[in-house]
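**Student:** If you want the building blocks of each chain, they are given just below.
Protein chains: 2
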Amino acid sequence: MNSPLILVTNDDGIYAPGLRHLIEILNNIGKVIVVAPDKSQSAQSHAITLDKPIRCEKIIIDKGKQLEFICSGTPVDCIKLALSKILDKKPDICISGINHGSNASVNVIYSGTVAAAIEASLHNIPSMGFSLLDHSVDADFSHTNEFITKLTERLLKTKLNCCLNVNIPKINKNKPIKGMKVAHQSSGVWIEEFEERIDLEGDRAFWLTGKFVNKDISENSDHNLLEKNFVTVVPINHDLTFGEQIDNIKALTR
Amino acid sequence: MNSPLILVTNDDGIYAPGLRHLIEILNNIGKVIVVAPDKSQSAQSHAITLDKPIRCEKIIIDKGKQLEFICSGTPVDCIKLALSKILDKKPDICISGINHGSNASVNVIYSGTVAAAIEASLHNIPSMGFSLLDHSVDADFSHTNEFITKLTERLLKTKLNCCLNVNIPKINKNKPIKGMKVAHQSSGVWIEEFEERIDLEGDRAFWLTGKFVNKDISENSDHNLLEKNFVTVVPINHDLTFGEQIDNIKALTR
Numbered sequence: 000m001n002s003p004l005i006l007v008t009n010d011d012g013i014y015a016p017g018l019r020h021l022i023e024i025l026n027n028i029g030k031v032i033v034v035a036p037d038k039s040q041s042a043q044s045h046a047i048t049l050d051k052p053i054r055c056e057k058i059i060i061d062k063g064k065q066l067e068f069i070c071s072g073t074p075v076d077c078i079k080l081a082l083s084k085i086l087d088k089k090p091d092i093c094i095s096g097i098n099h100g101s102n103a104s105v106n107v108i109y110s111g112t113v114a115a116a117i118e119a120s121l122h123n124i125p126s127m128g129f130s131l132l133d134h135s136v137d138a139d140f141s142h143t144n145e146f147i148t149k150l151t152e153r154l155l156k157t158k159l160n161c162c163l164n165v166n167i168p169k170i171n172k173n174k175p176i177k178g179m180k181v182a183h184q185s186s187g188v189w190i191e192e193f194e195e196r197i198d199l200e201g202d203r204a205f206w207l208t209g210k211f212v213n214k215d216i217s218e219n220s221d222h223n224l225l226e227k228n229f230v231t232v233v234p235i236n237h238d239l240t241f242g243e244q245i246d247n248i249k250a251l252t253r
Numbered sequence: 000m001n002s003p004l005i006l007v008t009n010d011d012g013i014y015a016p017g018l019r020h021l022i023e024i025l026n027n028i029g030k031v032i033v034v035a036p037d038k039s040q041s042a043q044s045h046a047i048t049l050d051k052p053i054r055c056e057k058i059i060i061d062k063g064k065q066l067e068f069i070c071s072g073t074p075v076d077c078i079k080l081a082l083s084k085i086l087d088k089k090p091d092i093c094i095s096g097i098n099h100g101s102n103a104s105v106n107v108i109y110s111g112t113v114a115a116a117i118e119a120s121l122h123n124i125p126s127m128g129f130s131l132l133d134h135s136v137d138a139d140f141s142h143t144n145e146f147i148t149k150l151t152e153r154l155l156k157t158k159l160n161c162c163l164n165v166n167i168p169k170i171n172k173n174k175p176i177k178g179m180k181v182a183h184q185s186s187g188v189w190i191e192e193f194e195e196r197i198d199l200e201g202d203r204a205f206w207l208t209g210k211f212v213n214k215d216i217s218e219n220s221d222h223n224l225l226e227k228n229f230v231t232v233v234p235i236n237h238d239l240t241f242g243e244q245i246d247n248i249k250a251l252t253r
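Just so you know, the sequences run in chain order W and X. Going left to right, the first sequence walks through residues 0 to 253 as numbering that gives the first Met the number 0 numbers them. Going left to right, the second sequence walks through residues 0 to 253 as numbering that gives the first Met the number 0 numbers them.
Don't take every hint at face value.
[Said to hold, decoys possible] Under 8 Å between C-beta atoms, here's a sample of chain W residues computed to sit facing chain X:
no.	residue
1	Ser-39
2	Ala-46
3	Asp-50
4	Cys-55
5	Ser-83
6	Ile-108
7	Tyr-109
8	Leu-154
9	Phe-193
10	Trp-206
11	His-237
12	Asp-238
13	Phe-241
14	Lys-249
[As the list claims (entries may be wrong)] Think about it this way: if two alpha-carbon atoms lie no more than 20 Å apart in a straight line, the pair counts; the simulated EDC-like pairs of lysine to aspartate or glutamate are:
no.	chain 1	residue 1	chain 2	residue 2
15	W	Lys-177	W	Glu-226
16	X	Lys-180	W	Asp-238
17	W	Lys-84	X	Glu-192
18	W	Lys-51	X	Asp-198
19	X	Lys-57	X	Asp-87
20	W	Lys-51	X	Glu-192
21	W	Lys-249	X	Glu-145
If you are wondering where the hints come from, they were derived from the structure by calculation, not from laboratory data. Note that CB positions come from ideal geometry on N, CA and C, so glycine has one too.
This is chain W alone, in the form it adopts within the complex (with noise of 0.2 Å):
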């Protein structure tokens, strides 16, 4: 393959330093054309846009080699458009982040960059989203570089038909990462807990704040493994059966 075409995507919006990064990354590696949103769209999940019509513009940010466009709607619009109305032929690859906070664990059911990444392979495109640990706008990126060129690389040789979702702990000079391992999704979940504030006409107001309770103590679940300062490699499936409880469920519909 001479020069790979490459969608990119995020969901912390087109100015996010993450998916800065990861288009001057991927400027060495193939052609890059950026349909990515134009505001924040943090936790969002597969949501689409069915009640108002989606923008779209062409538009130039930095000099990167790169062809970019601003998209008022969810990542998963932004990757539904760009199939549809951007592109004149199919990407090689679809590239989703680099996300400012972890998609670990149950994270990746909310997460807008991982649901970009599975509308891609929905059309059979080969797709990752990564994610780095540090929340922080000003997040230090530079170690993602290896990583992410050497998945993006391999991915585009073996065409492998898969999306992976990718997490990266965050640079610590005094720990260095050990490398990536292929991991399963951490079993997690959030324990919320709203703020509770009134607001200037005296309603109430919550907001919503949490905190993750890891439940897995396997070695291999993606949550552990970031823990010890490996990248995880979760590979995500679109079918969401749970083909183990099939049997169970049959005396329910009897």
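We have chain W already, so just place chain X on it with the hints.
**Tutor:** Below, chain X without anything else, positioned relative to chain W:
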């Protein structure tokens, strides 16, 4: 169990006929608490509200014995708020719907109805999302009673820790429903066909439309069983790990 506590939500909004019908059915089974969106949240998937506060107030809509709360958030926000701020004990079951329109096959990924049920199951609450294969606002829900009552009573009895995506064919007096079947999520995809229009300001705007393409020929796929006039019940897994791909992916990480 004397009077089970039943948490109810939907994604079409608290005034949707599908939800009103569901409440009527469930009032015969237990103590119903409704926490539902104040507007349509269709296709909001597992989205949650992080960038603004959520408003939630008690409301009386009809003369039923249920307690109801109207909420400015997504279906998943409704479940989180209910569990954290509204209910004083864990519900025995969580039921979402009845959705106006199919959530079979890949629709499940976009569905706010099913996402709410998945959220409950993350908290170990047996849950079901019900959908009728009729988008119409004045759809006839009368034939759903039998199936919803049976499944709810049986799930309450068995206390199986599961999340079920239940789809019910549209009523057709000449073609009675053949029964309920456990199914798997049909393989399929939406092929987008954005409608492009020029808005009042002269800008391009894209409206998402599309066509569903079924790719599953197996007898036990939900799409195919619905075509044969069965009610389909698919157990849903919130662990998205694609287990079968784990070995294939290992080569990418070495």
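**Student:** So, for every hint listed, does it hold in this structure?
**Tutor:** Results of checking the hints against the structure:
Nearest Cβ of chain X to the Cβ of Ser-39/W: about 7 Å, under the 8 Å cut. The hint holds. Proximity of Ala-46/W to chain X holds as hinted, the smallest CB-CB distance being about 4 Å (cut-off 8 Å). For Asp-50/W, the suggested interface contact is upheld, since its CB lies about 7 Å from the closest CB of chain X, less than 8 Å. The beta carbon of Cys-55/W comes within 6 Å of a beta carbon in chain X, closer than 8 Å, and the hint placing it at the interface holds.
Hint on Ser-83/W holds. Least Cβ distance to chain X is approximately 4 Å, under the 8 Å limit. Annotation: interface hint on Ile-108/W holds; nearest CB of chain X at approximately 5 Å, less than 8 Å. With its C-beta approaching chain X no nearer than about 6 Å, Tyr-109/W sits inside the 8 Å limit, and its interface hint holds. Hint on Leu-154/W holds. Least Cβ distance to chain X is approximately 6 Å, under the 8 Å limit.
Contact between Phe-193/W and chain X, as hinted, is supported at the beta carbon level, the nearest pair being about 5 Å apart and thus within 8 Å. Interface restraint check: Trp-206/W against chain X, minimum CB-CB distance 5 Å, threshold 8 Å, status holds. Using the Cβ-Cβ criterion of 8 Å, the hint placing His-237/W at the interface with chain X is satisfied: the shortest such distance is roughly 6 Å. Nearest Cβ of chain X to the Cβ of Asp-238/W: about 5 Å, under the 8 Å cut. The hint holds.
At about 4 Å, the closest approach between the beta carbon of Phe-241/W and any beta carbon in chain X falls short of 8 Å, and the interface hint on this residue holds. Hint status for Lys-249/W: holds, given a least beta-carbon distance of 5 Å to chain X, under 8 Å. Our distance criterion of 20 Å between C-alpha atoms is met by Lys-177/W and Glu-226/W, whose separation comes to about 11 Å. For the given pair, Lys-180/X sits about 18 Å from Asp-238/W by alpha-carbon distance, which is consistent with the 20 Å threshold.
Between Lys-84/W and Glu-192/X the CA atoms are separated by roughly 9 Å; this keeps the pair inside 20 Å, and the hint holds. Restraint check: the Cα-Cα separation between Lys-51/W and Asp-198/X comes to about 12 Å, which is no more than 20 Å; the hinted pair holds. Only pairs whose Cα atoms come within 20 Å are accepted, and Lys-57/X paired with Asp-87/X is accepted, the gap being roughly 15 Å. Between the alpha carbons of Lys-51/W and Glu-192/X the distance comes to roughly 15 Å, so the proposed pair stays at or under 20 Å and holds.
Taking the CA atoms of Lys-249/W and Glu-145/X, the gap is about 17 Å. The hint holds against a cut of 20 Å.
The structure agrees with every numbered hint stated previously.
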